[in-house]
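A.B. asks: The listed protein sequences derive, respectively, from chains Z and L.
Residue numbers for the first sequence follow this note's numbering, so the first one is -17 and each next one is one higher.
Residue numbers for the second sequence follow this note's numbering, so the first one is 65 and each next one is one higher.
Among the hints, a few may not be true.
What the hints assert, rightly or not - Here are some chain L residues the structure puts well away from chain Z; computed CB gaps all over 12 angstroms: (1) Y108; (2) F120; (3) R171.
To be verified - The calculated lysine-lysine pairs, modelled on DSBU-like cross-linking and capped at a C-alpha distance of 30 angstroms, are: (4) Z/K22 with Z/K46; (5) L/K81 with Z/K(-13); (6) L/K76 with Z/K(-16); (7) Z/K46 with L/K82; (8) L/K81 with Z/K50.
Stated by the list, open to error - Covered by chain L, per the in silico footprint, the following chain Z stretches (three or more residues, Cβ under 8 angstroms): (9) -4 to 9; (10) 62 to 74; (11) 79 to 85.
Hints were generated in silico from the structure; no laboratory data involved.
Because the structure is a prediction, the values reported are computed rather than measured.
All C-beta atoms in this analysis are idealised placements derived from N, C-alpha and C, irrespective of residue type, glycine included.
Take a look at the letters that make up each chain.
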Amino acid sequence: MKMIKAIIRPEREFDVVKGLEKEGFNSMTKLDVLGRGRQKGVQVGSATYDELAKLMLILVVEDKDAAKVLKTIEDHARTGNFGDGKIFVSDVKEAYTIRTGKSRL
Amino acid sequence: MKEVFAIIRPGKDRETKKALEKVGCLTFTSVRVHGRGKQRGLRYSSMANDSATPQFVVMNFLPKKMLYLVVNDRQVKACVQTIIRVNQTNQYGDGKIFVLGMKDICRIRTGERGEVAIR
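I would like the entire structure built from these sequences, with the hints used as guidance.
C.D. replies: See the structure below:
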């Protein structure tokens, strides 16, 4: 299994979630975060915004679905400007459903 | 070392913390998150606002608590079992636990590396 952490623009949330839903990935966790990338935030005139509001989506999917999820998030979150975000993928060793206590997704 | 993500009901966090203390998992980070599972949140009809016809309420994301722990390899099993035992209500929405590998840890105060940095 793979854990996918996507840091996206908060205003693209609806599109991304709807897109994932259409592909059949209903389960996810979201949290509001602050972050910055290589541009070190944003400078508007004399005002600098060091950290910008972003949304982090966390999904855990089977290995074979990971590429599809990445593609879906990419397509729906992209605006072509700096600050579209990043997607990180890591390996999940085990997953448990608390309701059943079983070790499966 | 393993990192454990547990997404649980927000009302159960205090109980979970107490139970985890008993099995020796003292350290954790908690975040208030929003999440949903296979059921895509909550959908139900409500008779609110005195309307004669029931209204269909859709909640796409539900408030959850995410506990984030880093534990020793030998503690993982006890940790997972405890979280399952405390949070099990046999209803949808109890949450999930994910276990990931962790390569290295650094305690910032002393600069210690590896397993000694956990506790």
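A.B. asks: Please work out if L/K76 and Z/K(-16) have their alpha carbons no farther apart than 30 angstroms.
C.D. replies: Judged against 30 angstroms, a Cα distance of about 27 angstroms means the pair holds.
A.B. asks: Taken at face value, is the distance from the CA of Z/K(-13) to the CA of L/K81 at most 30 angstroms?
C.D. replies: holds (25 angstroms)
A.B. asks: Between the alpha carbons of L/K81 and Z/K50, is the straight-line distance 30 angstroms or under?
C.D. replies: violated (36 angstroms)
A.B. asks: Please count how many residues of the stretch 79 to 85 of chain Z have a CB within 8 angstroms of a CB from chain L and say whether that reaches 3.
C.D. replies: holds (count 4)
A.B. asks: Non-interface claim for L/R171: all C-beta distances to chain Z beyond 12 angstroms?
C.D. replies: holds (22 angstroms)
A.B. asks: Going by Cβ atoms, does L/Y108 stay more than 12 angstroms from chain Z at every point?
C.D. replies: holds (17 angstroms)
A.B. asks: Can you confirm whether chain L covers the stretch -4 to 9 of chain Z, using C-beta to C-beta distances below 8 angstroms and requiring at least three such residues?
C.D. replies: This one holds; 4 residues, not fewer than the three required, reach chain L with a Cβ under 8 angstroms.
A.B. asks: Are there three or more residues in the stretch 62 to 74 of chain Z whose C-beta lies closer than 8 angstroms to some C-beta of chain L?
C.D. replies: holds (count 3)
A.B. asks: Given the hinted pair Z/K22 and Z/K46, is their alpha-carbon gap at most 30 angstroms?
C.D. replies: violated (35 angstroms)
A.B. asks: Does L/K82 sit within 30 angstroms of Z/K46, going by the straight-line distance between their CA atoms?
C.D. replies: violated (38 angstroms)
A.B. asks: Over 12 angstroms from every CB of chain Z: does L/F120 meet that, or does the non-interface label fail?
C.D. replies: L/F120 clear of chain Z: closest Cβ-Cβ about 18 angstroms, beyond 12 angstroms.
In the structure shown, a violation is registered for the earlier hints numbered 4, 7 and 8, in ascending order.
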